[in-house]
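Number of protein chains: 2
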Amino acid sequence: MKNTKISNAVINRLPRYRRYLKELEKKGVEKISSKEFSELIGYTASQIRQDLNNFGGFGQQGYGYSVKGLREEIEAILGLDREYRMVIMGAGNLGKAIYNYTKTFKGAFRVVGVFEIRKDLIGKKLGTHEIMDYEGIVEFVETEHVDIGIICVDRENAQEVADKLCFAGVKGIWNFARTDIEVPPHVALEVVHLSDSLHALAYHMNDIKKKGGSR
Amino acid sequence: MKNTKISNAVINRLPRYRRYLKELEKKGVEKISSKEFSELIGYTASQIRQDLNNFGGFGQQGYGYSVKGLREEIEAILGLDREYRMVIMGAGNLGKAIYNYTKTFKGAFRVVGVFEIRKDLIGKKLGTHEIMDYEGIVEFVETEHVDIGIICVDRENAQEVADKLCFAGVKGIWNFARTDIEVPPHVALEVVHLSDSLHALAYHMNDIKKKGGSR
Numbered sequence: 071m072k073n074t075k076i077s078n079a080v081i082n083r084l085p086r087y088r089r090y091l092k093e094l095e096k097k098g099v100e101k102i103s104s105k106e107f108s109e110l111i112g113y114t115a116s117q118i119r120q121d122l123n124n125f126g127g128f129g130q131q132g133y134g135y136s137v138k139g140l141r142e143e144i145e146a147i148l149g150l151d152r153e154y155r156m157v158i159m160g161a162g163n164l165g166k167a168i169y170n171y172t173k174t175f176k177g178a179f180r181v182v183g184v185f186e187i188r189k190d191l192i193g194k195k196l197g198t199h200e201i202m203d204y205e206g207i208v209e210f211v212e213t214e215h216v217d218i219g220i221i222c223v224d225r226e227n228a229q230e231v232a233d234k235l236c237f238a239g240v241k242g243i244w245n246f247a248r249t250d251i252e253v254p255p256h257v258a259l260e261v262v263h264l265s266d267s268l269h270a271l272a273y274h275m276n277d278i279k280k281k282g283g284s285r
Numbered sequence: 071m072k073n074t075k076i077s078n079a080v081i082n083r084l085p086r087y088r089r090y091l092k093e094l095e096k097k098g099v100e101k102i103s104s105k106e107f108s109e110l111i112g113y114t115a116s117q118i119r120q121d122l123n124n125f126g127g128f129g130q131q132g133y134g135y136s137v138k139g140l141r142e143e144i145e146a147i148l149g150l151d152r153e154y155r156m157v158i159m160g161a162g163n164l165g166k167a168i169y170n171y172t173k174t175f176k177g178a179f180r181v182v183g184v185f186e187i188r189k190d191l192i193g194k195k196l197g198t199h200e201i202m203d204y205e206g207i208v209e210f211v212e213t214e215h216v217d218i219g220i221i222c223v224d225r226e227n228a229q230e231v232a233d234k235l236c237f238a239g240v241k242g243i244w245n246f247a248r249t250d251i252e253v254p255p256h257v258a259l260e261v262v263h264l265s266d267s268l269h270a271l272a273y274h275m276n277d278i279k280k281k282g283g284s285r
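One line per chain: the protein sequences are V and S, in this order. In terms of our numbering, the first sequence has 187 at position 117, counting the first letter as 1, and numbering is strictly consecutive. In terms of our numbering, the second sequence has 86 at position 16, counting the first letter as 1, and numbering is strictly consecutive.
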């Protein structure tokens, strides 16, 4: 199965394709050509065809893509046709932030538990969730069939928490801690450094200013 | 000034360099060679030299980089040597999430106001901030010298809110709304689609499973 090695760049574009397809569906659009899709999404038509060819079976040459069909196929490729059970590790400001964010989800991703190392937070509430003691995480992951651990703890504790989650059997780690962590090869890892994005924004603001683009 | 056109890839790596340098500083490390830095950060030594050469003046061939000096230069390049005043647009779950996240910041980025379109939220509190009426945003940006607008409103309102912020004079937009928006060339834009990252995680989890990597 050599051709299953899809580049990360392609994978990272799929959620974006899906978002646009969903908006098209809402507007009642049923078919779209790669050219029309290109104008909408801002990638070239050949890039779009190439990306989707990675997964094969999107054919329909000359007829365009079925918006619903393509959206469903992308969701199946991404694995969005099932539910994921998640735990939030860390109930500080970062954990609260991510918890509030997960409440905007509809569907596939569900928070089933919130855990904390700091004893003073254990037993308190985060939304509808009672904050649980980190000591119980391994058992919880097993009995509750947790798929994803979201790491929102301090930099100093991030690797240890990741190690314990992987040991407990999660299949994916979503890391928001302000440090890079390592996971074994059988666990998937996605990292979000929100502050990196903000720092890049600062750079671009100053770059525009330097080039005389500001008022 | 031809050489001021730095690729986005380089700019997006700078915050990461800075994070590692800060951790080194905390540990009391004063000098680091590109080879040692490479082993730590996971880019090749030549990549590191090439990235930093974009900005010139990091020289010290054979002596390694001064950790503090390099960190300060990167901060100056990113524009982190000044304060940024930010407004959060939208006080729903997404706005709450980002507000909680900003509380983890130390230093350069400060929330100075929270705004909402929905009348039922206006006047309520988000943390220490009274949620203000969206109608007053243009005046607020001018009188409070707001630099950055953080967009946390619904998809349907994102472009209108961005337009108003740009008209009011913000220099940067940090977009968390689940849609792509456009801004005029004198305004910098950074986009965070957290759900895209989560969907990529789902893909990688399923990919590992398909390849027999799961237990």
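Hints are computed from structural coordinates only; laboratory data are not their basis. Incorrect hints may have been included.
[To be verified] Label pairs and their computed distance ranges (CB to CB): (1) V:R225 <-> S:A146: 18 to 26 Å; (2) V:P254 <-> S:Y133: 51 to 59 Å; (3) V:G139 <-> S:H215: 49 to 57 Å; (4) S:R188 <-> V:N123: 24 to 32 Å.
[To be verified] Non-contacting residues of chain S with respect to chain V, defined by C-beta distances greater than 10 Å in every case (computed): (5) E100; (6) Q120; (7) G139; (8) Y171; (9) K189; (10) H199; (11) D266; (12) L268.
Please read these numbers as outputs of a predicted model, since none were measured by experiment. Don't be surprised by glycine CBs; every beta carbon is placed ideally from N, CA and C.
Going through the hints against the structure:
1. Checking the proposed 18 to 26 Å range against V:R225 and S:A146 shows it holds: the Cβ atoms sit about 24 Å from each other.
2. In this structure the hint that V:P254 and S:Y133 lie 51 to 59 Å apart at CB is violated, the actual value being about 38 Å.
3. A beta carbon spacing of about 50 Å between V:G139 and S:H215 agrees with the range 49 to 57 Å that was offered as a hint.
4. Take S:R188 and V:N123: their Cβ atoms lie about 44 Å apart, and the range 24 to 32 Å is violated.
5. With 10 Å as the threshold on Cβ separation, the claim that S:E100 sits away from chain V holds: the shortest Cβ distance comes to roughly 21 Å.
6. The claim that S:Q120 is not at the interface with chain V holds, since no C-beta of that chain comes within 10 Å of its own (minimum 18 Å).
7. Its beta-carbon lying about 18 Å from the closest one in chain V, S:G139 satisfies the requirement of being farther than 10 Å from that chain.
8. With a least CB separation of 4 Å from chain V, S:Y171 falls inside the 10 Å interface cut-off, contrary to its annotation.
9. Interface exclusion of S:K189 from chain V stands, the closest Cβ pair being 21 Å apart, more than 10 Å.
10. With 10 Å as the threshold on Cβ separation, the claim that S:H199 sits away from chain V holds: the shortest Cβ distance comes to roughly 14 Å.
11. S:D266, annotated as away from the interface, has a beta carbon of chain V within 10 Å; the closest lies near 4 Å.
12. Its closest Cβ contact with chain V, about 6 Å, brings S:L268 to no more than 10 Å, contrary to its assignment away from the interface.
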